[in-house]
Amino acid sequence: MEYSKWAFWPGCVAKGAAPELYLATNREAKELGIELVELDQATCTGAGVIQEQNPEMADALNARTFALAQQLGLPLMNICSTCQGIESMVQDKLTKRPEYLAKVNAILADEGLHYTPGLVIKNFLWLLVEDFGLDRLKKMVTRPLTGLRVGPFYGCYILRPSSILGKEEHPDRDHYLEMVIEAVGATVVDYEGSKKCCGFPILTINRENSLTQAGNHIHEAQDLGADALVSPCPLCHLNLDAQQPAAKQVTGHDIDLPIIHLPQLIGLAIGVPPKEMRMDHHVVSTKKLLEKLAAAPVRA
Amino acid sequence: MKVKLKVKRTNPETGQSGYSQYEIEAAENVTLLDALIQVREYEDGSLALRCSCRSAICGSCSMRVDGRARLACRAKVLAITRGDENHEMVVEPMGNMPVIKDLVNDMDSFWAKMRQVDPFLQPEGPEPTAEYRVPNETMIDLTHTMNCIMCGACVSDCTVLEVDKNFIAPAALAKAYRVVADPRDDHEHDRLQKLSEYGGIWDCTRCNMCVEVCPKGVAPMNRILQLREMALENGIKNNAGARHTNIFTKSIEDGGRLNEVWMLPGSVGMFNLPRILKEMPGALKMARAGKLPIGQAIPPGFPGSHKMKGMDRVRNVVRKAASLKPKKPEVTG
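Read top to bottom, the protein sequences are chains A and B.
Here our numbering is used: the first residue of the first sequence is 14, the next is one more, and so on.
Here our numbering is used: the first residue of the second sequence is 34, the next is one more, and so on.
It should be emphasised that the hints constitute simulated quantities derived from the structure, not laboratory data.
Keep in mind that this is a model prediction, so the values were computed, not measured.
Among these hints, one or two may not hold up.
Below, a list of computed lysine to any residue pairs in the SDA-like style, where the Cα atoms sit at most 20 Å apart [to be verified]:
1. B:Lys134 to B:Glu76
2. B:Lys340 to A:Lys116
3. A:Lys109 to B:Glu170
4. B:Lys318 to A:Val263
5. B:Lys283 to B:Ala214
6. B:Lys134 to B:Glu46
7. B:Lys358 to A:Ala115
8. A:Lys106 to B:Lys360
9. A:Lys116 to B:Lys353
10. B:Lys270 to B:Lys318
Same shape as in the complex, but just chain B (with noise of 0.2 Å):
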């Protein structure tokens, strides 16, 4: 089988980069990786990678393929090109992180976010007098984010990250769940109230692309939206993200659907008038080009706010919906 690879050169020494083509013979069950290293063995010795395991564990091989981060030894090039000995691949080093030499990253901002969580768990109280126990459920939920093997695909790809290198990003956050929601960490709410932060938890617009991207089924992005959950519960709640979430949510509750006029005021505080004053313009255009629902200009929860046709009906689901709630599993021993 033929492959084509476009593959991205950086000079370490003058820090330029360019494109080199490749083409080679190679197995039909041939993954990235396998041709990677054929090219350095018999193409071109001067092309830098990293890999070890060959077998998606280690977590050394992350690199841009055709625009997304992936493992390169997980990736068959027969599923990339969907069999089209003429598609070239364009293999390039993880983004959002230096990059060192051709396809090798410097990887010391990922440790730094992953250090900024805190990523042990930290008891308080006296030592048990036997093993430390904890619900199956419980273990099989943290699962997800065990399972992660620091590949740095999801901070390659994250797209807030790329505005806002302030972000913690997905693999840090999603360690961060792995702690939080272990019932042997008893500094549940401290860390919760931390995450809430700028840069946290309520920094991340939910584009799923960690979860997409994620080679070990990790999906980020959901620890990201129950650490959301477990905040709230814990009654953080002074921040844009929590009233966001609560003004969106009992705009439904009150009409069904959503009231778009209320949901500024209602996230940055309906007294932040420095706040509020800088949409203004914004909220004039929309008005002149008729995009200001007028209909919606009484706040949710206000008699005469607006409502859908057969809100009693909804109203009933919604209380009802009480009773979907997993139990919380008991912790014993």
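For reference, chain A alone in the conformation it holds in the complex (with noise of 0.2 Å):
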């Protein structure tokens, strides 16, 4: 393992509507034994919406986040795809730009901070197999999702522009969460819509454009017999699942298929029970999903 010990950035959703996956963070780290310092004093990274009327403030906010996680001299941890992006493209325009870092610094000075470029900045899952490792994942399986089918959805900014997203380095960051399904025991479920936008960013400005992209998705994948779809972005799973009755509703499909974060899928698998990570606190019940998973063998 390259690091144990991470600075770790919630974001707003986790710390918002999705308190379930908060839980489940902390719980799974403590179980896979990673330390994380969370980083209460950090600001949202913008999401990409305040950069549409002033980038410079969300550039300056999250060299903030990244200089608070390099004075604790800590890599930086998310668990949300759309903060991942941000931070990946915000990190790549202040390296690229030495003479706007330094202006950029002069504030972070008032505070006492400063940030110098290459601070490693994972997702959860990138971290959990770059950095943790599937090989020792699978070791601690006790209950393998044998029979289960999940299909990955990986959310807009942890994929694109894969230019700034270490794709070089790291070729097979577009299949972990294929990898991290089946290192678990489940199928994967191969779909279109795994890759594609979950419309979440404009439900508020084009609602039936949103729920029809989320509506479409879910359809796919349960078409081709999914059990659940599981996400490393809780922008996503807000619009798979808190607003899958509507999406239902708009797209006239008939879906009812539970959505999971990531840290709860490795939960199931290493034998946390599920209330613990309030799985029983999602709008589309998760309950068929662990009847089936409670029919399963379990490992001795």
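The two chains are supplied separately, each in an independent frame; assemble them into the complex guided by the hints.
Encoded structure:
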């Protein structure tokens, strides 16, 4: 393992509408022996929205988050595809424009902070595969998810633009979810929507388009026999889970598919009770999924 | 080197489609286009595809390879297969546009969207006595979009167009930026007003697909974001997209983290009751699941709204970040 202790940026949604993700992440990190130091004074990454009217403000706030991690001397972990993408984008911009970075650092100096390019920033998914290692994870699996059919749902910003997401060094990053699903003994459902947009960013702007996107992906995966979708992004989770009843109405597709967070998938496989990951606190019930799992054999 | 291809074929007369599989011997440095031409010349003369320059200049040979649009002439087979001779490349026509035959798309809708944004400069006032002068920084910025070769790759893979044919889509919106941001055009405000309507700049989900598939670095989505910034600077704020970005930014300035509860009323309009009521069943379901963040009940900016620790330091960064804004280049001459 390269790093065992990380500065942890939970993002807004895990502290708001997806408290189960926050809980499951902390729980899984503990089980896996990954030490997390939460950055409780870091701000939202801007999610690409602040960038629409004030990219400089978003750059400065993200640089501040990076500097807070560096102050602790730790790499930075996030649990949101959007956070990952934005953080990688800002990191790329600041590295390529040293004069701009100097101006940003002059602002951060007011609170004794400084960002030096080179900080390691990883979503929990990347960390799991690259630092923790899937072989190690496999050894910890006490309850292989044999027989469960799980569809990956990545979230755009952890995949694109690949030019700034370390694809050269880690060419398989766009397959990690499939690799994790297999590592915990489940079967991958291969469907077209897995790498498309969940529609969440335009939910309040063009509701019909947003929900049609979500509904179509769920329908496609369900049609191919998926028991659940798993995502490393809480924003996708909101549109696919919390908005699923609305997406059903808008698209007319007969959908009822549990959407689980990545740490919950890991938790199930290493024997964490579902209630301790608040799997009973989803809008789409996870009951069917858990019943199917309960019927599967447990490894001694 | 062995090259395996699975090509989607469409019969123009019956409209029926299926796949043809080919296996050929080709040189190590072969491009996908080379391979397809080899198939057409020596294996199956009925295979239809478009190509012309073979140098990523004409934009004719866009097609989907393993699910993503790209120029066949620019795609090295070795790079696609990562050296695995057993990797069968799935080659299909572009998406979001009708297929005429095999790998040939009907691009009428592409050109119609391009015309929709009036893709030419419209200066007003008296003719200048000498040439127009545009600042270097502006021309360098516009170069991104001027690189567009109209290949259609971004339109093919646009995830919004997939669900809404009314969306102007990335290529034409990038072209719109090219004229709006050019100081020689005098219709900036009107154009931005029109682009802010349904089907325009605010309907993009920012999924980055167009940035990923564009073979020329146009990065259409980034141009859409620039158009949004310009629309806001032009005071065009009476739409859900503009309100969304405003309430979002306000929420971070106020509390450091997003206030999710107030995003909906803040975006659709605080008094847009029919639209807010539409979300009520969903909100109730979230509340039942314990997913409504009660701590965010007070709207951003109001006394008692939810705030992160150390907001005074965040506010300092927000205030001073204004100094990072680039100065607008001056137009001379």
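Now for the hints, and whether the structure bears them out:
1. B:Lys134 to B:Glu76: holds (18 Å)
2. B:Lys340 to A:Lys116: It is violated: about 27 Å lies between the C-alpha atoms, which goes past 20 Å.
3. A:Lys109 to B:Glu170: holds (17 Å)
4. B:Lys318 to A:Val263: Given that 20 Å is the threshold and the Cα spacing comes to 17 Å, the pair holds.
5. B:Lys283 to B:Ala214: Violated, at about 27 Å.
6. B:Lys134 to B:Glu46: Between Lys134 (chain B) and Glu46 (chain B) the Cα gap is close to 9 Å, so the pair holds against 20 Å.
7. B:Lys358 to A:Ala115: Given that 20 Å is the threshold and the Cα spacing comes to 14 Å, the pair holds.
8. A:Lys106 to B:Lys360: holds (18 Å)
9. A:Lys116 to B:Lys353: Since the Cα atoms of Lys116 (chain A) and Lys353 (chain B) sit roughly 10 Å apart, the hinted pair holds (cutoff 20 Å).
10. B:Lys270 to B:Lys318: violated (32 Å)
Checked against the numbered hints given earlier, the structure breaks hints 2, 5, 10 and satisfies all the rest.
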